[in-house]
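> Chains A and B supply the protein sequences, listed in that same order. 400 is the number of the first residue of the first sequence in the working numbering; add one for each residue after it. 107 is the number of the first residue of the second sequence in the working numbering; add one for each residue after it.
Worth flagging that the hints you see were computed from the coordinates, not collected in a lab. Where a beta carbon is used, it is the ideal one built from N, C-alpha and C, also for glycine. Errors might be hidden in some of the hints.
Unchecked claim - The calculated label-pair distances, taken between Cβ atoms and stated as ranges, are:
| # | chain 1 | residue 1 | chain 2 | residue 2 | range |
| --- | --- | --- | --- | --- | --- |
| 1 | A | 485 | B | 601 | 21 to 31 angstroms |
| 2 | A | 408 | B | 148 | 27 to 37 angstroms |
| 3 | B | 325 | A | 467 | 47 to 57 angstroms |
| 4 | B | 312 | A | 484 | 18 to 28 angstroms |
| 5 | B | 331 | A | 474 | 49 to 59 angstroms |
| 6 | A | 467 | B | 134 | 50 to 60 angstroms |
| 7 | B | 390 | A | 487 | 52 to 62 angstroms |
Claimed, not checked - Example chain B residues on the side facing chain A (calculated, C-beta under 10 angstroms, incomplete):
| # | residue |
| --- | --- |
| 8 | 116 |
| 9 | 117 |
| 10 | 338 |
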Amino acid sequence: MEEFKALVAAKLKFIVPATFFFLMYYFALPVLVGYAPRLMETKVLGVVNLAYVFALSQFFMAWILAAMYLRAAGRFDEMAKDIVDKIK
Amino acid sequence: MSTALVMFLSFIAVTLGVTYWAARQSSGANSFFAAGRRLTAWQNGVAVAGDYMSAASFLGIAGIIALQGYDGFMYSVGWLVAYLTVLLIVAEPLRNSGKYTMADVLAYRLSPRPVRAMAALSTLTVSTFYMIAQMVGAGALVALLLKDSGITYQTAVIGVGVLMVTYVVFGGMLATTWVQIIKAILLMSGTVLLSILVLAHFDFSFGRFFYAIAHVTYTENEVQMTKDFLQPGLRFKPPYGALDLISLSLALIFGTAGLPHILVRFYTVPDAKTARISVVWAMALIGSFYIMTTFLGFGAATIVGRDTITANGGTNMSAPLLAQTLGGDVFFAFVAAIAFATILAVVAGLTISASTSFAHDFYTNVLHHGKERSPGEEVRVARLTAFVVGAVAIAIAILLGPTANVAFLVALAFAVAASANLPVIILSLFWKRFNTVGAVAGLATGLAASILLILIGPSFMKATALFPLENPGIVSIPLGFLGAVVGTLVTREPAAEKKFAELVVRANTGLGAEKAVEH
């Protein structure tokens, strides 16, 4: 039915770009560390290098993305509830 | 009796009390396999964290960072970011479409018997490898930490095995859950305390702390070296280091979402929304913990030093030695007890997921076509399986001995999970055309590829290795996907395609999902 198609579309609209983003952001780390070591060894915060700062940022990226998903999922829950009510 | 032994025994006593309490709660399959599906989001989230963070995380990462610097932190990052795969793609659809196991999702629209048989095989493989690694680790650790108490490796292995079977057989998923929750609280407390002590050692100055990390001294071949431990490259070296790191990263990101003992936890909550929130709770704890490995690992590198660690039991002793240096024997005992609790909680989780898979997927559904011949049979079979699994794990761990290199077993478990399990879970949920032949082919290919590549790789064959990478992920994961896709394309299964719509509705709305048990 129409509402269900809308729910799936809304979900994909969040999940596909979000997944693509986190995969790119995450894999940039081993790729850069492995193939651009000079760059990653550059000190950016006192003695702390880019490698460590970028690695640390991954945690916050994950947490922020998770929080964003929680918010979006609230909307999906409402849409799903409407559909279930309609079916019942 | 040493302080450490006293703390170990106290923890054991508490967990046995919890098991006794759990055993007296309502019985029945829903209770045994899924704790009645009544766990709250924080309870399941904390339990997931407790189930996930094993000795490899606490002792292993601290050890790698202490001896090889920055590269160890790569494990920390991967082990947290992996939960995004769980959160965005797997957790909610799984809870909505399955009952007790990962295979439930696959069997929804595919032919149940072949798919469940392969999935059970994969689950048992992953769980067994993972468990043996933990048992060997536990045995070696306990023997090392309690050597003054006369506890041998064999005694420790048997002790761990007996305890994990007890939790599962008598207390089921409920006992397992609370053991994991208690462990998680202990682990977080200990880690926070240790982190604070590390910073205190540097007068709470991050500047001083990081300066020390950038100038770590140790001796190598009698020469005094000073190295910047923040720089990558001490572990993942040319020529294959960069590729191995990417391979490892792939296995971590895709493996976590395919680990049966983690997935099975999502059936213990009432609905998909709670499952989702529990993942976020888990991420909060797991992320905080892994950030703090900075203090554990680099703290050990700068305060204890590589020379001392190597002379006192090696990499796995980094965290306990750090505790001893900063907080004396009492803190050493506390950290040792935490490491022990950590292992127990994980092996209990592995035991119940393996037993559940054997009883539910294989015994009831494959052998008996989905029929339970007498009420309570499935639970009885699971309990019996737990005994067998425990006995086999004890036997193999004793056979291998304390010096066996078991890190590769955990890597193998992740690689199999990433190459065999995750591709078929994703394709089943998202690809209409996907069919039984594809699922069986995908599971088989992923399983075979990861196992083979590890057997001919450096962990097993050392210098004569035929495959240059320690982690097979970069080859085996694509092969797993490929196997699943090719298997699908050579056959057509109209029934599976027809049922896809039903699965999508159920996975996305929760219509028809297994409900929580009424009291």
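> For each hint given before, does the structure comply? Return the numbers of the non-compliant ones in rising order.
Going through the list in order, the structure violates hints 4, 6, 7, 8 and 9 and respects the others.
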